[in-house]
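Novice: Protein chains in written order, with the working numbering: chain A, 604 to 831; chain B, 604 to 831; chain C, 604 to 831; chain D, 604 to 831; chain E, 604 to 831; chain F, 604 to 831.
A few of these clues could be false.
Distance ranges between label pairs, derived from CB positions [said to hold, decoys possible]:
hint	chain 1	residue 1	chain 2	residue 2	range
1	A	Asp731	B	Asp731	24 to 30 Å
2	D	Lys751	C	Gly831	58 to 64 Å
3	B	Ile781	A	Glu615	38 to 44 Å
4	F	Gly658	A	Glu776	43 to 49 Å
Subject to a maximum C-alpha distance of 16 Å in a straight line, what follows is the list of computed EDC-like cross-link-like pairs (lysine to aspartate or glutamate) [what the hints assert, rightly or not]:
hint	chain 1	residue 1	chain 2	residue 2
5	C	Lys619	D	Glu755
6	E	Lys829	E	Asp621
7	D	Lys619	C	Asp782
8	B	Lys619	A	Asp675
Counterexamples of contact, computed for chain E against chain F with all Cβ distances above 12 Å [said to hold, decoys possible]:
hint	residue
9	Met612
10	Ala630
11	Lys719
12	Gln743
13	Gly784
14	Ala785
15	Val812
16	Ala822
17	Lys826
Everything labelled a hint here was simulated from the structure, so no lab data went into it.
Quick reminder that beta carbons are idealized off the backbone N, C-alpha and C, glycines included.
Protein chains: 6
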Amino acid sequence: MHFENHNWMHIEAYLKTDDRAILVLGACEQHGYLSLLTDVRIPMALADEAARQSGVVVAPPLNFGCSPFFLDYPGTISLRLPTLLHVADDILRSLHGAGFRRVLILNGHGGNSPVKLHLEELVNELPDLQLRWYAWWTSQSVAAIAKKYGLEAEHGNWLEAFPFTTVAELPGEGKPMIDPGAAILGKAATRHLYADGACGGPYQADPAVMDEMFAACLADVLKLLKFG
Amino acid sequence: MHFENHNWMHIEAYLKTDDRAILVLGACEQHGYLSLLTDVRIPMALADEAARQSGVVVAPPLNFGCSPFFLDYPGTISLRLPTLLHVADDILRSLHGAGFRRVLILNGHGGNSPVKLHLEELVNELPDLQLRWYAWWTSQSVAAIAKKYGLEAEHGNWLEAFPFTTVAELPGEGKPMIDPGAAILGKAATRHLYADGACGGPYQADPAVMDEMFAACLADVLKLLKFG
Amino acid sequence: MHFENHNWMHIEAYLKTDDRAILVLGACEQHGYLSLLTDVRIPMALADEAARQSGVVVAPPLNFGCSPFFLDYPGTISLRLPTLLHVADDILRSLHGAGFRRVLILNGHGGNSPVKLHLEELVNELPDLQLRWYAWWTSQSVAAIAKKYGLEAEHGNWLEAFPFTTVAELPGEGKPMIDPGAAILGKAATRHLYADGACGGPYQADPAVMDEMFAACLADVLKLLKFG
Amino acid sequence: MHFENHNWMHIEAYLKTDDRAILVLGACEQHGYLSLLTDVRIPMALADEAARQSGVVVAPPLNFGCSPFFLDYPGTISLRLPTLLHVADDILRSLHGAGFRRVLILNGHGGNSPVKLHLEELVNELPDLQLRWYAWWTSQSVAAIAKKYGLEAEHGNWLEAFPFTTVAELPGEGKPMIDPGAAILGKAATRHLYADGACGGPYQADPAVMDEMFAACLADVLKLLKFG
Amino acid sequence: MHFENHNWMHIEAYLKTDDRAILVLGACEQHGYLSLLTDVRIPMALADEAARQSGVVVAPPLNFGCSPFFLDYPGTISLRLPTLLHVADDILRSLHGAGFRRVLILNGHGGNSPVKLHLEELVNELPDLQLRWYAWWTSQSVAAIAKKYGLEAEHGNWLEAFPFTTVAELPGEGKPMIDPGAAILGKAATRHLYADGACGGPYQADPAVMDEMFAACLADVLKLLKFG
Amino acid sequence: MHFENHNWMHIEAYLKTDDRAILVLGACEQHGYLSLLTDVRIPMALADEAARQSGVVVAPPLNFGCSPFFLDYPGTISLRLPTLLHVADDILRSLHGAGFRRVLILNGHGGNSPVKLHLEELVNELPDLQLRWYAWWTSQSVAAIAKKYGLEAEHGNWLEAFPFTTVAELPGEGKPMIDPGAAILGKAATRHLYADGACGGPYQADPAVMDEMFAACLADVLKLLKFG
């Protein structure tokens, strides 16, 4: 069940028996050879399937995140961090005002992490609002699968190369992992350093690995939706 | 061509021969019996077809707009107006930074109109940025077709009832046009006044009318994409 | 009764028997040959007379509005839109805090329209605050009179050419209506397009038309002051 | 010469021979028995006369200032301090954009003092902008006259009791000077402490004293307008 | 008792018997030959001793204030005024949330004065919060001692030249008092005018004068801590 | 060399031969049995020693960070995230304006991490500004030492228990590691979950381990100060 396929009467009816929602925070930014919307598509794919299995309603995704470092890659659209914080705040206040009390936020983009911190203020103000935050690529599930297959989970190119994020042929050969070090690089140095935009390692993994990873993340999401 | 189906290299290549983009500003708000995403779907449908015919690239839509008056209808998600202004500003700065110089904004929601005014500041600051603003339902094309068929264009229920926005059976009978008068109602009085959320008039028009209207709006969009 | 001719004790006494106020939102911007304060003077003239007839108190006018498009015309002073929204919010919170519960906002400037939307948030927060918004030049009264005399109401030069806004000799001959089209022009292109600043049509109408129009608007205002 | 009596062509012509302007920052707040607009009327009276003698143009006054402490006195309308700072910034940017390079700010209200500090940032950014700040009641001229007549200048009731600010009969007898001490009182305690709103001392001075004081302030203003 | 030497359990215990705290607002800005942290060190010295004598707890100092005029002197770090206002607001909300109800703010820097005004809003919102504001150099105690020794209190160089703020040899000879006049100078003109950064007068006073002054200010602080 | 022990002339002289500075971002928040200023003291200790060895100047620390989750522990003072971002921005702009071009930020608090992201915008705007960010407890050095001694690095109680942060006797026995899970808890649930405020594990480590860790971090800092 997705907001976009329903009208307000449906949501009102839904709220009589459930108070949960899924919210996807994404980004529109360079992902090397992958889709500019990779950070929307992955959490949305999880949301779609989790919604199908659990019946929880899915709000429309936020298609933009905070990506100032990638602004020299055309196609990156970045919200300034204060803007993003206000957007997240407004969305969650609207959901709370409508009667949602438990919201699982599926974040698809590392640059959105400050939202998690900022929402502590909202929970301080609205103590009956239960929020869960899931950033799939930081999960123990993903770490375990990466380890199992001898892959580097963190920012590996392969990690986000799902069939539904792949919009161009991927290089067969990987590239060395890039170490950004301690610098706050800015967009120019970032592009110079990352070149094709990928962070290093193989550009793709075996489809079975990707499936296993997706399934594990989906299991995480379904568990989180119990708000235990 | 849509951002989401492409990577940054594609956009960089595109920018070598074109500097135009389409941006959809939508809303997630009650639309009576229609989809909560009606204000995204209509301009996005225009964008899709215009992109197909013109080759101009389409940025991801902003799924949220400013709808404080509808916050008592569950499913409405509203950005506060200052938030929305900053979002629009950030998106257009990103596009400009990437090299886009002509952007057609397809606005799907009346509550987003202040963005148009606010963007004057951006153009003052970035004089090489050409912006066009199209709010399909306020166009002369729509007015002409409505008049031709004896329909009320402004906020008529039927106006947005396309097959792709209809998510429930529509009432056969219309309802009287609601006159909000001069009041700034607030969400509670708005819900009381609008009841099912529709603004009045018939809930649907003949499919041929809708097709004609869509075609006329599409023609407008294609013309605007020439940035004459 | 105007704030400026009274002290706080008078207002406190007034509030024992009435909770209404009139607030004028104006602008300081180019109006072709007319006064830079045209958008203050017209609603203030209505307020003055309405106050005289109704006894409702008039707050001091906001002399500045949002006019970024006219910034290349010397004499235009524009508040950025977020600034304007905060100003309106602060003024109305002050009035509400003092005990005013019904405020009629007489807006004199099109660029201030977003305030109306923004104030929905305030009413959501303060449900006992009743607000009415009147932008005289968009009224049905004005439309009817313009039509009756074969004049174009919208942005016609003549429309604002009252004796009390006329500060220079007006051209005898009108000019063609300017069509800004769909562009968000920015200040430079706006000045280029509008040249003398007028929007087109005759620069003045028969004094009797102006009187009739003023009387009709005043009747509107008096009716709105009943907060029916 | 005042903005309100002129159109943009007049201002453009003026700017060919002069780049000075006077801007009045006022307040709408309780002043005991005096007009709620006292803090506008006094600097505006100075501006009027200074303009007459010098030919410098006068911008429209800001009728609202920052007066949170007086919000329990009906009739006080207070801008929050960040709002006020943005307003002042916007106004001066507009004036600078139009070609004004020397602006004398006549401040009528103590609560607006932070604007002076904030505008340092603007001058840092726009080094060709010369600003002068005059708060008449803090001037050495006023101090000298008060001393000469054995009056307490600072916040004395009499100090602002000009014929053009007096809107009610003034008490014959003064009251003891109120010492707010070191507390940040808030509106409730402020009203409790100030009662009728006056700060203490006699409620009026001899008209000749007032005339002398006004003349002295006017001389200050005229001198400052030389931007020596 | 200082926050930094204690943990939260200590503060919780403290709050069972007392609800007072001291907060130092300072600055990091040029002070001529004196320490860049002069405006922290003086109020902190007062706080240290007052805490020792009274047992009132001292929060960590804010090491930065609003000093835009001194930004051309290396070592000055200035918060923009809106930033500073938000910082002060956040700190005091945190203290109030923890149970503090009486806070004495020892301000060390003239550029922080707008905070006092801004905090009126906070007291309006949280009426059970008692705030006192002490800017030692504006006190009657300091004025009296300066007068007694024939020194100019206001911005005299000597005034802040305590042993604990002196980080370089001080000139033996004073310099003429600088009169900034009515200009909002901006950083470049300010540095030009103030040269070595001192405001004029002797660079140091007799140690006994400094001791007497410190003792008098300390007595003020101890009295204010009674929140009478 | 620290700002506080120097005047502007010293800094100006310093800038003739060096353009580096160290900035400490801290927090004032509960740390279990440790000092409320733990997150200032640790990076400041590193800064002190690194300054001594390298001669790089140290700016005053920011004593407050973003800690909304700990606001139910008395003594926690939290800046709202947008406030913190503006503070960091203002500080770095001031340093850049003075001529500093390479700044090493020693962050002592996890809740300040969003600053790193936000400063990307600043570097985008000021490309000649080189920034390095070091959060000692996330360093590979710390991870390696923790592993070597079989300790859990992340948020272990012992990790921050230096002699100079210990302000009370520490429990001899550790407590189980607390798993906050995926929830955005808010302050009330956070206090309930963390009880004494510690995150779990032993409350202290062998002094030799602490020394080794400090030395390793110091080496990191000294290396980063080369801005290689």
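Novice: All the hints need checking, so say for each whether the structure fits it.
Specialist: The hints, checked one at a time:
1. A:Asp731 - B:Asp731: 24 to 30 Å: violated (50 Å)
2. D:Lys751 - C:Gly831: 58 to 64 Å: holds (59 Å)
3. B:Ile781 - A:Glu615: 38 to 44 Å: violated (20 Å)
4. F:Gly658 - A:Glu776: 43 to 49 Å: holds (46 Å)
5. C:Lys619 - D:Glu755: Answer violated: C:Lys619 to D:Glu755 is near 36 Å, above 16 Å.
6. E:Lys829 - E:Asp621: holds (11 Å)
7. D:Lys619 - C:Asp782: Violated, because 31 Å separates the two Cα atoms, which is more than 16 Å.
8. B:Lys619 - A:Asp675: It holds: about 15 Å lies between the C-alpha atoms, which stays within 16 Å.
9. Met612: violated (7 Å)
10. Ala630: violated (10 Å)
11. Lys719: Holds, because the least Cβ-Cβ distance between E:Lys719 and chain F comes to about 18 Å, which exceeds 12 Å.
12. Gln743: holds (29 Å)
13. Gly784: Per Cβ check, E:Gly784 is outside 12 Å of chain F; nearest 23 Å; holds.
14. Ala785: holds (26 Å)
15. Val812: The claim holds: E:Val812 sits with its nearest Cβ about 22 Å from chain F, beyond 12 Å.
16. Ala822: E:Ala822 is indeed farther than 12 Å from all Cβ atoms of chain F, at 27 Å.
17. Lys826: Non-interface label on E:Lys826 holds, nearest chain F Cβ at 26 Å vs cutoff 12 Å.
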